[in-house]
Structure formats: C-alpha cells, structure tokens
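**Q** Order-wise, the sequence lines are chains A and B.
Residue numbering for the first sequence follows the numbering used here, beginning at 1 and increasing consecutively.
Residue numbering for the second sequence follows the numbering used here, beginning at 1001 and increasing consecutively.
Heads up, some of the hints might be wrong.
Only some residues are given here: those of chain B computed to face chain A with a beta carbon under 7 Å [unchecked claim]:
| # | residue |
| --- | --- |
| 1 | TYR1004 |
| 2 | PHE1005 |
| 3 | ARG1008 |
| 4 | ILE1013 |
| 5 | PRO1039 |
| 6 | GLY1040 |
| 7 | GLN1170 |
| 8 | ILE1181 |
| 9 | SER1185 |
Okay, derived cross-link-like pairs now, BS3-like style, lysine-lysine, Cα gap no bigger than 25 Å in a straight line [claimed, not checked]:
| # | chain 1 | residue 1 | chain 2 | residue 2 |
| --- | --- | --- | --- | --- |
| 10 | B | LYS1196 | B | LYS1144 |
| 11 | B | LYS1144 | B | LYS1085 |
| 12 | A | LYS48 | B | LYS1050 |
| 13 | B | LYS1046 | A | LYS92 |
| 14 | A | LYS41 | B | LYS1106 |
| 15 | A | LYS93 | B | LYS1173 |
| 16 | B | LYS1103 | A | LYS100 |
| 17 | A | LYS100 | B | LYS1178 |
| 18 | B | LYS1169 | A | LYS100 |
| 19 | B | LYS1049 | B | LYS1036 |
| 20 | B | LYS1050 | B | LYS1098 |
| 21 | B | LYS1201 | A | LYS100 |
| 22 | B | LYS1144 | B | LYS1178 |
| 23 | B | LYS1201 | A | LYS93 |
| 24 | A | LYS3 | A | LYS41 |
| 25 | A | LYS92 | A | LYS11 |
| 26 | B | LYS1103 | A | LYS92 |
| 27 | B | LYS1122 | B | LYS1135 |
| 28 | A | LYS11 | B | LYS1085 |
| 29 | A | LYS93 | B | LYS1169 |
| 30 | B | LYS1122 | B | LYS1085 |
| 31 | B | LYS1144 | A | LYS48 |
| 32 | B | LYS1169 | B | LYS1103 |
| 33 | B | LYS1049 | B | LYS1075 |
| 34 | B | LYS1036 | A | LYS93 |
| 35 | A | LYS42 | A | LYS4 |
| 36 | B | LYS1046 | B | LYS1135 |
| 37 | B | LYS1201 | B | LYS1145 |
| 38 | B | LYS1083 | B | LYS1144 |
| 39 | B | LYS1049 | A | LYS48 |
These are calculated hints, taken from the structure and not from any lab test.
Glycine included, every Cβ here is placed at the ideal spot set by N, Cα and C.
Residue-level listing of the chains:
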Amino acid sequence: MTKKLNPKCFKNWATAYTATGYLVPCCYCDNPETMNDSNFKKLLDASKVEESNSIEDILLSDEWSNFRDNLKKDIAPNVCFRYCGQNKTAIKKTIYIDGKEQFIYEVK
Amino acid sequence: MSFYFLNRRDINIDLSHRCGLECPRCLRTYWKRIDKKVPGYDMTEKTFKKIISFYDYLIFCGQYSDPVHHPNFIKFLELSNEKNKQVSVHNASSLKSKDWYIKAFKAYPNANWHFGIDGLPKDSHKYRINQDGEKLFDIMIESKKYLIRKPIWQYIVFSYNENDIEQAKQMAKDNNIKLSITLSSRWWGNDELEPKNEELKLKDIPKV
Chain A
1 MTKKLNPKCF KNWATAYTAT GYLVPCCYCD NPETMNDSNF KKLLDASKVE ESNSIEDILL
61 SDEWSNFRDN LKKDIAPNVC FRYCGQNKTA IKKTIYIDGK EQFIYEVK
Chain B
1001 MSFYFLNRRD INIDLSHRCG LECPRCLRTY WKRIDKKVPG YDMTEKTFKK IISFYDYLIF
1061 CGQYSDPVHH PNFIKFLELS NEKNKQVSVH NASSLKSKDW YIKAFKAYPN ANWHFGIDGL
1121 PKDSHKYRIN QDGEKLFDIM IESKKYLIRK PIWQYIVFSY NENDIEQAKQ MAKDNNIKLS
1181 ITLSSRWWGN DELEPKNEEL KLKDIPKV
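Construct the entire structure; sequences and hints are all you get.
**A** As structure tokens, this is what we get:
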C-alpha cells in the first residue's frame, strides 16, 4: 500500500519550539523516535533557535526546503504518517461548551 | 530557497523541561522508564524575543513541560502583552501559589487560559498524578477576576470520569466558565484509563 501524506504543516497547524531549543514543523515531531531519526536530524541541524539570527533564517534554510520537498513526495518520518496520513480517522475530538453554545472540533 | 513555511504565524512553545505532574500518557514517562532525565532547559529571554519578533500567536503548551514552571514565565507574558501577541496558556500543574497565578493573570489579562482538570476536581489526580484539582479549579474561578476572556476547563474523558460529564457541564454553567470535553485516541491494549462507553472514545489511529 502506498503511504500518502496530507501534512498539517502545509496548512495552518502551528509550528513548534521544543524544550531542547529547536524549531520543528509541528509539536508531534517532538518525540524521542523522531528527534533521533537520522534524516530528521538534518533538519534539526539548521533549527536551533539560539544559534540562528532569526526565525526566517531557519524557515528559509535549505534543510527546511528539503524537508518540504520530501513531504510533497511522501517521504517523511513515521510520525508524519501517523498524524498526517491521508484518509485517517480523528485523533482527537473536542466538544466546546460555553453556556448554551456548543461546537465540535476534530483533529484528523 | 523556500517561502513555504513562512506563512504560519502560530507557534506551540515548550518553554522548559519542568513539570510537577507525572501523567501516565505524558512523554516524560518515557525518560523516567529508561532512567534518564527529561531533556531540555529553560528558554532564554533572548530566544523568546526572537520568537515573538516573528510569530503572532503563542501557544504555551508543553510537550514535556508545564509553562507555569518556567522561572520567567510572568516576564514572558508581560513581553507578549507589550507586543500585543495572541496568547494561549495550557496549564495542569497546580504547584504554583494562588498569589503567583494572580501576578500571571495581571501580566496579560487578554491571554486565553486552559486548565487541564480531567474529571471532577476531587478526582482529576487519578490521571494528573500530583495535581490538586480542587486548588486548580479554585484558581480557574479566581482567574475570572483578572482575565478578559473566560477561562477554559479542559476535561479529557477517562474511565474514572466518563460518568461525571453532566455534573461538569453544570459546574461550568454555574461558574460561567467554558468547558472543553476532549475524546482521546491515545489508548493502549487493555487500558484501564480507556472509557467504557464506546461513544466517548476514538479508535486508535493506525500504526504505520
């Protein structure tokens, strides 16, 4: 079966800053398996915020560009398929209640 | 060169490695299991300023930490206020004093505070190990005196609290706070925390 991605980081999903000082495409990346993935480490090499002049420098780096290009070709760490694989079911569903008002938000 | 990721102006910030809780599904438990310290350090003010010079919406929601345990968190809230950034704070640790919270609320009254109290306040420690749910619930109510936005009570549904949802709705209504009821998919096999009611759980996401 071909694994396809529908990356949240191509949409409005928040970027993330890790407790270890890295800018990463999203908070789901911040787990031991992904942070130790040899390919993902190439992205991390360009993502230490305290060592960069600006956030723009990180986001415009070749490493982030390559990561983007790979996502488009469905090449990514396992975590991306887990949380951003196509046609998957909801991973979280939240019902917001404010007095009589209510709305439901699903993360897929 | 790519401009692709430049459009996103929201950032989820894990300010440090510090938290007072020991929630069983938290990544912190991974490091505890292998007998290592949780990795990380406190974000510096210099780094924080770099981040707020680019991002417009700051979500203080730790992967490993609770933001209230960063030693300069109140200062960071003040800086966010000065720069007129949108802010959400996700807090579950109840170890800070009420006086500390009042300073934090005053530092940025327009911040959106989410309090993770999973279940009735008397029971929330069953998942949020070390949490004093009743203390944090009182602080959430107190926050209304200082915050512009209504605080949000975040309630993740577990087996021990799945029958208390209606009571929680009534408590939220009585106290004029928002309630967010979250159904999780983060269950393991034979998981005693998993709700029994099928309507209150999501199927686990497929492994790849």
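**Q** Decide, hint by hint, whether the structure agrees.
**A** For each hint, the structure was consulted:
Interface hint at TYR1004 of chain B: satisfied, since its Cβ lies 5 Å from the closest Cβ of chain A, which is below the 7 Å cut-off. Among the interface hints, the one on PHE1005 of chain B holds; its C-beta lies about 5 Å from the nearest C-beta in chain A, closer than the 7 Å criterion. Restraint check, ARG1008 of chain B versus chain A: the minimum CB separation of about 5 Å is within 7 Å; hint holds. At a threshold of 7 Å, the smallest CB-CB gap from ILE1013 of chain B to chain A is about 5 Å, leaving the interface hint in force.
The beta carbon of PRO1039 of chain B is positioned within 7 Å of a beta carbon in chain A (closest approach about 5 Å), and the interface hint is therefore held. For GLY1040 of chain B, the interface hint holds, since its Cβ comes within 7 Å of a Cβ in chain A; the closest pair sits about 3 Å apart. The interface hint given for GLN1170 of chain B is violated, since its Cβ lies 11 Å from the closest Cβ of chain A, which is over the 7 Å cut-off. A distance limit of 7 Å between C-beta atoms decides the matter here; for ILE1181 of chain B the minimum to chain A is near 5 Å, and the interface restraint holds.
About 5 Å separates the beta-carbon of SER1185 of chain B from the nearest beta-carbon of chain A, less than 7 Å, and the hint is met. Distance hint between LYS1196 of chain B and LYS1144 of chain B is unfulfilled; the C-alpha atoms sit about 34 Å from each other, more than 25 Å. Proposed proximity of LYS1144 of chain B and LYS1085 of chain B is supported: the alpha carbons are some 20 Å apart, at most 25 Å. A distance of roughly 12 Å separates the Cα atoms of LYS48 of chain A and LYS1050 of chain B; the hinted pair therefore holds under the 25 Å criterion.
Of the pairs offered as hints, the one joining LYS1046 of chain B and LYS92 of chain A is violated, with about 34 Å between alpha carbons and a cut-off of 25 Å exceeded. For a cut-off of 25 Å, the pair hint linking LYS41 of chain A to LYS1106 of chain B is broken: about 40 Å separates their Cα positions. A threshold of 25 Å between alpha carbons decides the hint, and for LYS93 of chain A with LYS1173 of chain B the separation of about 21 Å falls inside it, so the pair holds. Taking the CA atoms of LYS1103 of chain B and LYS100 of chain A, the gap is near 32 Å; set against the 25 Å cutoff, the hint is violated.
For the proposed pair LYS100 of chain A and LYS1178 of chain B, the alpha carbon gap of about 10 Å is at most 25 Å, so the pair holds. Distance hint between LYS1169 of chain B and LYS100 of chain A is fulfilled; the C-alpha atoms sit about 10 Å from each other, no more than 25 Å. Between LYS1049 of chain B and LYS1036 of chain B, the direct Cα distance comes to roughly 31 Å. Violation of the 25 Å bound is thereby established for this hinted pair. Simply put, LYS1050 of chain B and LYS1098 of chain B have alpha-carbon atoms about 30 Å apart, too far for the 25 Å limit, and the pair is violated.
A C-alpha spacing of about 24 Å is found between LYS1201 of chain B and LYS100 of chain A, which places the hinted pair at or below 25 Å, so the restraint holds. Using a Cα cut-off of 25 Å, the hinted pair LYS1144 of chain B and LYS1178 of chain B holds, with the two alpha carbons roughly 11 Å apart. Restraint check for LYS1201 of chain B and LYS93 of chain A: the C-alpha separation of about 9 Å stays at or below 25 Å, so the hint holds. At most 25 Å may separate the alpha-carbon atoms for a hinted pair to count; LYS3 of chain A and LYS41 of chain A meet this at roughly 22 Å.
Between LYS92 of chain A and LYS11 of chain A the CA atoms are separated by roughly 18 Å; this keeps the pair inside 25 Å, and the hint holds. Proposed proximity of LYS1103 of chain B and LYS92 of chain A is contradicted: the alpha carbons are some 33 Å apart, above 25 Å. Proximity of LYS1122 of chain B to LYS1135 of chain B is assessed by CA-CA distance (about 10 Å); at most 25 Å being required, the pair is judged to hold. As the CA atoms of LYS11 of chain A and LYS1085 of chain B are separated by approximately 21 Å, the hinted pair is consistent with the 25 Å bound.
Of the pairs offered as hints, the one joining LYS93 of chain A and LYS1169 of chain B holds, with about 17 Å between alpha carbons and a cut-off of 25 Å not exceeded. Taking the CA atoms of LYS1122 of chain B and LYS1085 of chain B, the gap is about 35 Å. The hint is violated against a cut of 25 Å. For the proposed pair LYS1144 of chain B and LYS48 of chain A, the alpha carbon gap of about 38 Å is over 25 Å, so the pair is violated. Pair hint LYS1169 of chain B plus LYS1103 of chain B does not hold up; C-alpha atoms about 29 Å apart against a cutoff of 25 Å.
Proposed proximity of LYS1049 of chain B and LYS1075 of chain B is supported: the alpha carbons are some 11 Å apart, at most 25 Å. Taken as a hint, the LYS1036 of chain B and LYS93 of chain A pair is broken in the structure, with Cα atoms around 33 Å apart against an allowance of 25 Å. Annotation: proposed proximity of LYS42 of chain A to LYS4 of chain A holds, straight-line Cα distance about 22 Å (limit 25 Å). Taken as a hint, the LYS1046 of chain B and LYS1135 of chain B pair is broken in the structure, with Cα atoms around 33 Å apart against an allowance of 25 Å.
Taken as a hint, the LYS1201 of chain B and LYS1145 of chain B pair is broken in the structure, with Cα atoms around 35 Å apart against an allowance of 25 Å. At roughly 23 Å between alpha-carbon atoms, LYS1083 of chain B and LYS1144 of chain B fall within 25 Å of each other, so this suggested pair holds. The hinted pair formed by LYS1049 of chain B and LYS48 of chain A meets the criterion: a straight-line CA distance of about 15 Å does not exceed 25 Å.
In terms of the numbered hints stated before, the structure departs from hints 7, 10, 13, 14, 16, 19, 20, 26, 30, 31, 32, 34, 36 and 37, listed from lowest to highest.
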